[in-house]
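Asks: The hints should help you fit chain U onto chain C, whose structure is shown.
Protein chains in written order, with UniProt numbering: chain C, 1 to 231; chain U, 1 to 231.
There could be a bad hint or two in this list.
As the list claims (entries may be wrong) - Coverage of chain U stretches by chain C, computed from C-beta distances (three or more under 8 angstroms per stretch; other residues unrestricted):
id	segment
1	11-17
2	59-69
3	106-114
4	160-167
5	173-182
Hints listed in this document are in silico derivations from the structure and should not be mistaken for laboratory results. Don't be surprised by glycine CBs; every beta carbon is placed ideally from N, CA and C.
2 protein chains.
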Amino acid sequence: MAGKKVLIVYAHQEPKSFNGSLKKVAVEELSKQGCTVTVSDLYTMNFEPRATRNDITGALSDPEVFRYGLETYEAYRKKALTSDILEEQRKVKEADLVIFQFPLYWFSVPAILKGWMDRVLCQGFAFDIPGFYDSGFLKGKLALLSLTTGGTAEMYTKAGANGDFRYFLWPLQHGTLHFCGFKVLAPQISFGLDVSSEEERKVMLASWAQRLKSIWKEEPIHCTPPWYFQK
Amino acid sequence: MAGKKVLIVYAHQEPKSFNGSLKKVAVEELSKQGCTVTVSDLYTMNFEPRATRNDITGALSDPEVFRYGLETYEAYRKKALTSDILEEQRKVKEADLVIFQFPLYWFSVPAILKGWMDRVLCQGFAFDIPGFYDSGFLKGKLALLSLTTGGTAEMYTKAGANGDFRYFLWPLQHGTLHFCGFKVLAPQISFGLDVSSEEERKVMLASWAQRLKSIWKEEPIHCTPPWYFQK
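Okay, chain C solo, but in the shape it has when bound:
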């Protein structure tokens, strides 16, 4: 939709990968709609995943015992976070929709993207206590996980060896995105890359492009505990 701002947080090492193609398709389709699209290409940025004292410029609140959560909370308020975090927070703040594009690593995001979540979504910026879940500070924004798996869709069903894909999405969709106040759109999962043909990949790419055409009309999914696991 013209005028909307989209941030794509992209975590794949290889531009020629299928993840690279999914990212490219999203940039093209959303730009065509008149959206402003920004990409955080984490590997190209060599984005720092470790949560350390280096994330705070200047003196610590407690030089004796280092508490990452407390120190970054303070640093956010004093504008003393390191510049790579501030830059990502600026991008998130501007965005109407954040798309996370990544290959599934151990039922979760790759560490470089986990580090983006650990460091960028700090207390004070993304949430506070109180000020989480439906009152998280990123409320009004949409988020969407677009991921690829090696295993097939059948493996990620209730009766499959990996269980329903909604199970592994819980910490990300509820525990992270919903916690920060995002409305979460249905995940875009490109299953079975280890066994898919060139033709099947083309179909997956096309269906992502197609979905993006009407993405602004979608209703978010429900991310609260009883609904999530009982259906």
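Replies: The following block gives chain U in isolation, referenced to the frame of chain C:
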């Protein structure tokens, strides 16, 4: 138990933290039993979390399109993985029990520990296709997640805002540890650190020390899909 080998993969920045104390208590208690205890102190090691081309020494199988999983699988077989990964794999191989000690970050492990999982537990070493879940290559070993949370135990119940703690443990206990063949012992969760008193912390530390006295007699939990979510 005398003669047993334990690896503690420890992910906290501050030795004086409660995580540091939990780690210390485990080293002391297990050493007292006659176990050999090794600690991988990830922040002190400045452990690399990013999965990149740097993990492979020498030439790539496919210099045109970089696929991390395929290249590290090949590199494992050709003994061409970088030395920090080989060193961790050696520690895992020797261990009878691997304890992961960490604070919960976004319903999961901190990125530095996610990176340890992404990079160390590579195909060929920890599993193969086929050769996963009950036939994962680390079968015969035990694993245990010892973690701290800010939120209280009540928040991590079925009816609580965060849902049952078993939900967020799924990607770690089933999708990662069970996938590699580990038998998983019940998690040790020290809840509610944000609101606990000095006295309550002492009780939590003591209960961890107490549990470790009979850790070798414990039965593993069941990590398969139907059991996990229906109880």
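Asks: Which of the listed hints are broken here?
Replies: Violated hints: none at all, because every hint is consistent with the structure.
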